[in-house]
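Protein chains: 2
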Amino acid sequence: MSLEHVLLAMLGTPASGYDLKAQFESGVRFFWSAEFGQIYPTLKAMQRKGWIEGRSEPSPKGPPRIVYSRTSVGTREFHAWLRGGPVMGNERFAWIAQLIHYGELHDLDATERFIDELSRKQSFVRDALADALSGVEIDHPQGDSTMDDILFHEWLALQVGLRAIQARIDWCEEVKRTIHARRERASRKVTEPNSERNGKR
Amino acid sequence: MSLEHVLLAMLGTPASGYDLKAQFESGVRFFWSAEFGQIYPTLKAMQRKGWIEGRSEPSPKGPPRIVYSRTSVGTREFHAWLRGGPVMGNERFAWIAQLIHYGELHDLDATERFIDELSRKQSFVRDALADALSGVEIDHPQGDSTMDDILFHEWLALQVGLRAIQARIDWCEEVKRTIHARRERASRKVTEPNSERNGKR
DNA sequence: ATGACCATGTAATCCGTTACATGATTCG
DNA sequence: CGAATCATGTAACGGATTACATGGTCAT
Numbered sequence: 001m002s003l004e005h006v007l008l009a010m011l012g013t014p015a016s017g018y019d020l021k022a023q024f025e026s027g028v029r030f031f032w033s034a035e036f037g038q039i040y041p042t043l044k045a046m047q048r049k050g051w052i053e054g055r056s057e058p059s060p061k062g063p064p065r066i067v068y069s070r071t072s073v074g075t076r077e078f079h080a081w082l083r084g085g086p087v088m089g090n091e092r093f094a095w096i097a098q099l100i101h102y103g104e105l106h107d108l109d110a111t112e113r114f115i116d117e118l119s120r121k122q123s124f125v126r127d128a129l130a131d132a133l134s135g136v137e138i139d140h141p142q143g144d145s146t147m148d149d150i151l152f153h154e155w156l157a158l159q160v161g162l163r164a165i166q167a168r169i170d171w172c173e174e175v176k177r178t179i180h181a182r183r184e185r186a187s188r189k190v191t192e193p194n195s196e197r198n199g200k201r
Numbered sequence: 001m002s003l004e005h006v007l008l009a010m011l012g013t014p015a016s017g018y019d020l021k022a023q024f025e026s027g028v029r030f031f032w033s034a035e036f037g038q039i040y041p042t043l044k045a046m047q048r049k050g051w052i053e054g055r056s057e058p059s060p061k062g063p064p065r066i067v068y069s070r071t072s073v074g075t076r077e078f079h080a081w082l083r084g085g086p087v088m089g090n091e092r093f094a095w096i097a098q099l100i101h102y103g104e105l106h107d108l109d110a111t112e113r114f115i116d117e118l119s120r121k122q123s124f125v126r127d128a129l130a131d132a133l134s135g136v137e138i139d140h141p142q143g144d145s146t147m148d149d150i151l152f153h154e155w156l157a158l159q160v161g162l163r164a165i166q167a168r169i170d171w172c173e174e175v176k177r178t179i180h181a182r183r184e185r186a187s188r189k190v191t192e193p194n195s196e197r198n199g200k201r
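So the sequences go chain by chain: X and W. Just so we're aligned, residue 1 is where the first sequence starts under our numbering, counting upward by one. Just so we're aligned, residue 1 is where the second sequence starts under our numbering, counting upward by one.
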């Protein structure tokens, strides 16, 4: 289970389940997320395994918090997870599966709307990532040489996230132009039916 | 549930559960996949809803096949799914979560090995995607103008998949250079301790 | 006092993987 | 004969989402 290891990673500095959820919402959310319904039971399971330990602390607002921290066993487990090499999940891209079959609609306008919405949705994520990245880069205008190891790796992760999403957005813009040209050709075929021959197979 | 809709999309041409699994293995596998254990029960559920209907056909090799095809109800459901706009799942990238926390190891060699393996794994997928794409493009050297709607959209999907993965591979290569420079600086700090002052925060 | 936020938790449900069971055909 | 491929299915398990329950504080 990867969630256990992701939480273990975040518990390098002690935090409660509530804190961890908040961290998912702000920043890590682009790469991973989880709901309370999964977080709380998982933390208990990790505690049973001896990877983390929790102590109850009074909270100024609301009920007492349970703040978890990694044990030495947990730290060893976490480092083993890192050194085990990249964990590549079977990612599922429903929107690409949709696009593959969009041709069945024979409606280029619909395809364009689809690409437009895709572009807009991804731009939101891109903007958030770009903000996070520039937050790091204004503090370190000479690049990574002034960053410590922790920040350097966080910066790398932000970079690769931004690159991949920007590549998809660029592709969206390019496809819009391709669609315009294709629609041009299609309408010319209708208005001038005595041209060569239409490309239907 | 997206799997139902993905199967529905694929059943534009009739197929058995076994056929659908084979389609996942070859091509669609980069964007979506499913196991028999999920495919067969899902097909039955879709049949109960009236989205598809199956008829048993004798098979030359092995037991009789159940070939499913979309009903008109299923086709309407499928088109509604397409027109509902891009379905963006909460993608989970465990390897980015790993990378974020890799700084804790304070071991640049380990980071480099991680990036190397990431690059190699992704290159496999890239090569397969590139092959599929060139298969389309050697039949259509003038670009999309000679493709019908179906092929055009399949070509778009292959393109965006390739672009995104290539962006990540390019980033890997760039990071390797960054790491070399960083290691250079780190070793110089050790051999010439009387330089400016080291960048630890 | 109403709603927003703090904080933890359980239960129902669903999605997905793995393992297993069955049995026919074909090729070496 | 044994292995590979064809073909369908069930059961057990694990992972993830959603909904619900509880109850405190704080600001409007």
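These are computed hints drawn from the structure, not numbers from a lab. Take these hints with a grain of salt, some might be off.
Chain copies aren't distinguished; within one or between two, either way the pair holds.
[Claimed, not checked] Below, computed lysine to aspartate or glutamate pairings styled on EDC-like, alpha-carbon distance capped at 16 Å:
id, residue 1, residue 2
1, Lys189, Asp149
2, Lys121, Glu184
3, Lys21, Glu112
4, Lys44, Glu174
5, Lys176, Asp19
6, Lys176, Asp107
7, Lys121, Glu91
Evaluated hints:
Taking the closest pair of Cα atoms, Lys189 and Asp149 come within 16 Å of each other only across two copies (15 Å); inside a single copy the shortest separation is 60 Å, beyond that limit. Taking the shortest alpha-carbon separations for Lys121 and Glu184, neither the intra-copy value of 27 Å nor the inter-copy value of 41 Å comes in at or below 16 Å. Taking the closest pair of Cα atoms, Lys21 and Glu112 never come within 16 Å of each other, the shortest separation being 36 Å inside a single copy and 30 Å across copies. Taking identical chains as interchangeable, the C-alpha atoms of Lys44 and Glu174 are never at most 16 Å apart, the minima being 49 Å within one chain and 41 Å between chains.
In this assembly of identical chains, the alpha carbons of Lys176 and Asp19 never lie at most 16 Å apart, being 42 Å within a copy and 34 Å across copies at closest. In the homo-oligomer, the alpha carbons of Lys176 and Asp107 lie at most 16 Å apart inside one protomer (14 Å), although the nearest pairing across protomers, at 45 Å, exceeds that limit. For a Cα distance limit of 16 Å, the shortest separation of Lys121 from Glu91 across copies, 14 Å, qualifies, whereas the shortest one inside one copy, 18 Å, does not.
The structure does not agree with the numbered hints 2, 3, 4 and 5 stated previously, though it agrees with the rest.
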